[in-house]
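Here the protein sequences come in this chain order: A and B. Counting with our numbering, you get residues 1 to 267 for the letters of the first sequence. Counting with our numbering, you get residues 1001 to 1267 for the letters of the second sequence.
Incorrect hints may appear among the rest.
Computed spacing ranges between beta-carbons, pair by pair [to be verified]:
#1 B:Ser1163 <-> A:His31: 42 to 52 Å
#2 B:Ala1179 <-> A:Arg47: 43 to 53 Å
#3 A:His31 <-> B:Ala1110: 38 to 48 Å
#4 A:Gly164 <-> B:Ser1093: 25 to 35 Å
#5 B:Pro1059 <-> A:Gln178: 50 to 60 Å
#6 B:Thr1258 <-> A:Glu239: 31 to 41 Å
#7 A:Leu217 <-> B:Ser1163: 27 to 37 Å
#8 A:Pro129 <-> B:Gln1209: 26 to 36 Å
#9 B:Ala1110 <-> A:Ser64: 46 to 56 Å
#10 B:Glu1205 <-> A:Ala213: 41 to 51 Å
#11 A:Val208 <-> B:Asn1212: 27 to 37 Å
#12 B:His1241 <-> A:Pro55: 34 to 44 Å
I should point out that these hints are in silico values taken from the structure, not numbers from a laboratory. The C-beta atom is built at its ideal place from N, Cα and C for all residues, glycine as well.
2 protein chains.
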Amino acid sequence: MFLGTRRVDALSPYDRGHAYGDGLFETLRAHRGELPWWDAHWARLARGAQRLRLPLPDPAQVRSEASQVLAGLDAVLKLILTRGEGGRGYAPSAQAEPVWTISRHPLPPASPAGGLTLRWCDLPLSEQPALAGLKHCNRLEQVLARAEWDDPAIDEGLLCDASGAVVCATAANVFVLQAGVWRTPPVDRSGVAGVCRQVLMELAEVRVQRLNADDVLGADAVFLCNAVRGILPVARLGERHWAPHPAMAGLRHRLGATHPAFVPSQD
Amino acid sequence: MFLGTRRVDALSPYDRGHAYGDGLFETLRAHRGELPWWDAHWARLARGAQRLRLPLPDPAQVRSEASQVLAGLDAVLKLILTRGEGGRGYAPSAQAEPVWTISRHPLPPASPAGGLTLRWCDLPLSEQPALAGLKHCNRLEQVLARAEWDDPAIDEGLLCDASGAVVCATAANVFVLQAGVWRTPPVDRSGVAGVCRQVLMELAEVRVQRLNADDVLGADAVFLCNAVRGILPVARLGERHWAPHPAMAGLRHRLGATHPAFVPSQD
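If we strip away everything but chain A, and leave its shape as in the complex, we get (with noise of 0.2 Å):
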């Protein structure tokens, strides 16, 4: 844990992450101790914290502590910013220093060999434009969904906004395949733009468009995606099923093709 630049041993319980959620994280995938998508995932910081007025950190300073903590194993590195101490009350003060930790997780299981199962989650994601599109720390939607199931067999739950629109899984991103052109849906008003997305996005023809529950049913193909795990084929969700589909085969192959982390164990 580090305040401004400053190793420090324990977090304050007046830390305004700990009060009010004030900060944003990112959640990075390890290759023997490397960060193959780092500016990608500084580059989004970066944005959230100017759009919540957050000072950033010496980028310099945090990836040679996260090479320290990673000691070159293929692992998760999580990086939580909060805006530190500031009394009680809303009013973010200008003088805080930033509060930053680095933490390194064990890489998730690896995900099922026939592709994931899928919900759809009860709970109507809001609407914020002013959040959206941020990885901040106000999770308590991701939560609420995640805690609706706790089936094993189910890997994943697709969120929809109060109009019935598809946003995302909890913690990942959603594309579909629609006549041989994938798509995303939009994350404007809600849902976190993921860095695996937006490599996604530069790699192959992606349209973003709004989808419904209908959209994606139909599908020629669906995969999940998010940075730690990549491309994340779906096999399932409710009664529809998914055979293995050249086109995700084509694109894991060339999202494997970026980095080593991301190549696929089997199609």
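Starting from the known structure of chain A, arrange chain B on it as the hints suggest.
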């Protein structure tokens, strides 16, 4: 700080309060070391804990620790309850022991004798019925709204939802007098079910109804209220000025009769 019933010295950087704002809080007025609205605060905390499926600490222990922290003073007591450690990922752990902190803060400065000066905030509040009414720790909207101004002549800002319905101020509920009856907006889609708001609804005839900006500007009297400061008469909102109103004085008097902490200094 306490983990379950055990006192701990530091917050874990893995606390889900810090990571996701996965918690609840209460801000209580203390008068000579006592907490006049304790029951109402605890009831709201319990409702929130049920909604978020957070285990509650032992109220007797919290009250006894609060009493020691308060040391007989007039002050503000802040209680934060978070889900504790939960690893990485949104799924709440069923085993996690809740973490709670209590802290004492000075009373805020007296409000301006002539009444508050308000502004309209630009940020529209999002609508999330699953969280509305709760005093949860996802407060980035309030942080952003409060950051809209730094003019010390402005005391508070009013917030509307995306449909233009007035919801609340950044840290207070709002009441308006129309045709001799006090009215306050519902808090079932946005906003917090304030403890002072609830006390006033038991003391006087209050109609819960949707209000728009014109309803506020056209009202015969307007006040904000919260559990720390009681009733705060509004003197000004943009070009609109309000003179002191006898109905306001009457209601402040009735609130003051419930407990000496809320006796108005001057009307």
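The hints, checked one at a time:
no. : hint                               : in the structure
1   : B:Ser1163 <-> A:His31: 42 to 52 Å  : holds (47 Å)
2   : B:Ala1179 <-> A:Arg47: 43 to 53 Å  : holds (48 Å)
3   : A:His31 <-> B:Ala1110: 38 to 48 Å  : violated (59 Å)
4   : A:Gly164 <-> B:Ser1093: 25 to 35 Å : holds (32 Å)
5   : B:Pro1059 <-> A:Gln178: 50 to 60 Å : holds (54 Å)
6   : B:Thr1258 <-> A:Glu239: 31 to 41 Å : violated (58 Å)
7   : A:Leu217 <-> B:Ser1163: 27 to 37 Å : holds (30 Å)
8   : A:Pro129 <-> B:Gln1209: 26 to 36 Å : holds (27 Å)
9   : B:Ala1110 <-> A:Ser64: 46 to 56 Å  : holds (49 Å)
10  : B:Glu1205 <-> A:Ala213: 41 to 51 Å : holds (45 Å)
11  : A:Val208 <-> B:Asn1212: 27 to 37 Å : holds (34 Å)
12  : B:His1241 <-> A:Pro55: 34 to 44 Å  : holds (39 Å)
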